[in-house]
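Chemist: Input sequences plus hints: build the corresponding full structure.
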Amino acid sequence: MTLDAVTRTSARRRTINVLMLGLTAVCALVAVGALMFILGYLVYQGGSSLSVSFFTNLPTPVGETGGGMANALVGSAKLLVLAASIGIPIGFMAGLYISEFASPTSAFALRYATDLVNGVPSIVIGLFAYTLVVLPMGHFSTLSGGVALAIMMMPVTVRGAEEFLRAVPSSLREASLALGAAKWMTIVRVVVPAASRGILTAIMLGLARVAGETAPLLFTALNNRFWSRGWTEPTASLPVMIFTYAIAPYEDWHRQAWAAALVLLGLVLAANIGARLLVRRGIAAAS
Amino acid sequence: MKKTADEVAHLVALLFGLTLALLTVLIGFELARSSSLARHRFGWSFLFTQTWDPVANQFGAASFVYGTLVTSAIALLVAVPLGVGAALFLAELAPRRISDALTLMIELLAAVPSVVYGLIGIAVVVPLMREYVQPTLQRIAGSLPLFSGPMFGIGYLTAGLVLAIMVVPFIVSVLREVLLAVPRDQREAALALGATRWESTWRVVLPYARLGVFGAVFLALGRAFGETMAVTMVIGNRPEIAASLFAPGYSMAAVIANEFTEATGDLYVQALIEIGLVLFLLTMVINAFARLLILVTTRRGVSA
Chain A
133 MTLDAVTRTS
143 ARRRTINVLM
153 LGLTAVCALV
163 AVGALMFILG
173 YLVYQGGSSL
183 SVSFFTNLPT
193 PVGETGGGMA
203 NALVGSAKLL
213 VLAASIGIPI
223 GFMAGLYISE
233 FASPTSAFAL
243 RYATDLVNGV
253 PSIVIGLFAY
263 TLVVLPMGHF
273 STLSGGVALA
283 IMMMPVTVRG
293 AEEFLRAVPS
303 SLREASLALG
313 AAKWMTIVRV
323 VVPAASRGIL
333 TAIMLGLARV
343 AGETAPLLFT
353 ALNNRFWSRG
363 WTEPTASLPV
373 MIFTYAIAPY
383 EDWHRQAWAA
393 ALVLLGLVLA
403 ANIGARLLVR
413 RGIAAAS
Chain B
640 MKKTADEVAH
650 LVALLFGLTL
660 ALLTVLIGFE
670 LARSSSLARH
680 RFGWSFLFTQ
690 TWDPVANQFG
700 AASFVYGTLV
710 TSAIALLVAV
720 PLGVGAALFL
730 AELAPRRISD
740 ALTLMIELLA
750 AVPSVVYGLI
760 GIAVVVPLMR
770 EYVQPTLQRI
780 AGSLPLFSGP
790 MFGIGYLTAG
800 LVLAIMVVPF
810 IVSVLREVLL
820 AVPRDQREAA
830 LALGATRWES
840 TWRVVLPYAR
850 LGVFGAVFLA
860 LGRAFGETMA
870 VTMVIGNRPE
880 IAASLFAPGY
890 SMAAVIANEF
900 TEATGDLYVQ
910 ALIEIGLVLF
920 LLTMVINAFA
930 RLLILVTTRR
940 GVSA
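Chains as they are written, first to last, in this note's numbering: chain A, 133 to 419; chain B, 640 to 943.
In short, the hints are calculated from the structure, not lab data. Fair warning: there could be bad hints in the mix.
Stretch by stretch, here's where chain A covers chain B in the computed footprint (C-beta under 8 angstroms, at least three residues) [claimed, not checked]: (1) 681-690; (2) 726-738; (3) 744-751; (4) 776-790; (5) 833-847; (6) 854-865; (7) 896-907.
As a list, the in silico EDC-like pairs of lysine to aspartate or glutamate whose alpha-carbon atoms are at most 20 angstroms apart [said to hold, decoys possible]: (8) K315/A x E646/B; (9) K642/B x E306/A; (10) K210/A x E306/A; (11) K315/A x D645/B.
Note that beta-carbon positions come from the ideal geometry of N, C-alpha and C, so glycine has one too.
Modeler: Pasting the structure below:
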């Protein structure tokens with residue numbers, strides 16, 4: 133190969149290098165741009181439709197403008213409370229088992245099973261909750277929606293709890309055991325408090341994950357144009373309202389769907405960012 | 640005394656751990672039990688017949704299976720290059736600070752609720768497809784049956800593209816982890832041999848992590864199969880197989896979401912639950928495979 137040819141191929145290689153590296157940057161920007169666009173568009177469309185009555189009023193009958201989604205906001209909150217009170221204890225205990233008691237093999241198997249539950253489509257979870265709760269009860273209810281969301285929330289809580297419990301230094305455990313504490317006492321008094329901030333993070337991420345879920349609620353919590361009393365009546369929820377209003381042919385309903393989507397996205401993103409900040413502060417404090 | 644208390648604690652925790660592990664089995668069992676009528680009536684032909692006629696009590700899921708496969712294929716065709724590119728940038732090129740910031744934003748993209756994607760899909764993507772993208776595609780490649788026929792904006796192609804944006808974050812965040820687990824000396828060796836940055840990334844790092852790449856792709860496929868709301872809102876909801884990607888169609892998840900509460904008669908409800916069962920088994924197999932691939936690569940990277 134002549135010197136000239138070498139220079140030429142290396143120039144070509146350098147060009148390809150710059151070109152392809154630039155292309156990967158473009159890919160990353162497209163993905164980030166999509167988020168920016170969604171945020172911007174929602175603020176633009178939803179901001180103008182958001183009003184006080186959105187938070188305080190019930191939906192109005194078709195044809196009448198105005199009204200709000202107060203019942204859907206309360207409904208979503210009730211569903212989340214239910215999901216949390218079922219999903220968090222189970223998820224936390226399962227995470228505790230994996231981190232503190234399980235042998236490496238069974239820990240691997242349980243982690244794997246958790247990931248599989250995480251991959252079950254949300255609509256299938258909805259069907260499961262339907263056969264499990266709605267069929268025996270004979271009607272749609274807030275309770276069945278809460279069960280569906282609880283199942284969706286468990287995998288996130290398990291993996292989060294496990295990860296943060298495992299991050300607690302074993303010297304802490306050994307110190308407690310050396311002082312004569314039983315293993316369960318060590319877990320309750322030493323390990324869990326040390327990981328409390330991380331566990332809180334896992335819970336917030338779990339709630340954020342299910343707050344926007346629509347599919348599991350379609351035939352469990354159903355929908356409701358009025359207030360839902362107690363836990364056994366069908367209830368409205370923000371995501372289902374967005375879906376119903378978005379596919380309806382009324383201009384006023386579309387505006388409300390945008391407003392609801394803005395509120396929902398705001399809550400979900402705030403929970404996500406909050407959880408991440410919490411972890412970062414926790415790491416900074418520990419080091 | 641101390642010992643028994645510990646054993647009790649162990650047992651209680653084990654019980655909760657098992658609950659979760661048994662959940663997948665329980666879901667499969669429940670769905671199979673609640674769809675027995677439809678399963679016995681139609682057998683395997685359920686998957687291969689197209690007739691979906693609630694009035695005549697004739698149910699076949701072929702058009703839904705087709706819709707799910709086609710939209711997911713379109714989604715992966717777009718999302719895999721985009722996701723791999725973005726992950727390479729984040730893991731290999733960008734300075735740590737910028738990489739962390741961009742990763743956070745892409746992970747937030749994964750947190751956007753499906754129904755919000757659907758809303759944006761209806762309001763922005765559908766008109767865009769109808770006015771610009773579909774006419775352009777037809778002008779260029781209208782002779783292919785894939786791009787022929789009337790343009791509604793909704794349909795397989797639109798659903799596939801919305802899905803693509805939804806699965807990109809999954810590909811990126813899994814792949815970034817996988818790429819970061821590739822040992823440093825692999826890169827350094829390539830660079831020392833005179834490779835450019837791109838050559839080291841493309842010929843050394845990516846092949847080293849190839850199992851993880853497949854894992855990320857299969858994980859995204861599992862997501863795309865199960866995605867419900869956004870697809871339901873833009874696919875058009877017509878239970879027929881059409882050759883054109885512009886035609887309205889249906890997917891497995893979408894038909895359950897749309898028709899379940901309106902289904903009258905046991906057989907209708909059970910046919911929908913059977914579609915759920917098929918969807919569950921499909922995503923289960925794909926995810927089981929994907930997770931295994933990812934575990935193997937990240938483990939190997941760490942131990943090497």
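Chemist: Decide, hint by hint, whether the structure agrees.
Modeler: Going through the hints against the structure:
no.: 1; hint: 681-690; result: violated (count 0)
no.: 2; hint: 726-738; result: holds (count 6)
no.: 3; hint: 744-751; result: holds (count 7)
no.: 4; hint: 776-790; result: violated (count 0)
no.: 5; hint: 833-847; result: holds (count 5)
no.: 6; hint: 854-865; result: holds (count 5)
no.: 7; hint: 896-907; result: holds (count 3)
no.: 8; hint: K315/A x E646/B; result: 9 angstroms, holds
no.: 9; hint: K642/B x E306/A; result: 17 angstroms, holds
no.: 10; hint: K210/A x E306/A; result: 42 angstroms, violated
no.: 11; hint: K315/A x D645/B; result: 6 angstroms, holds
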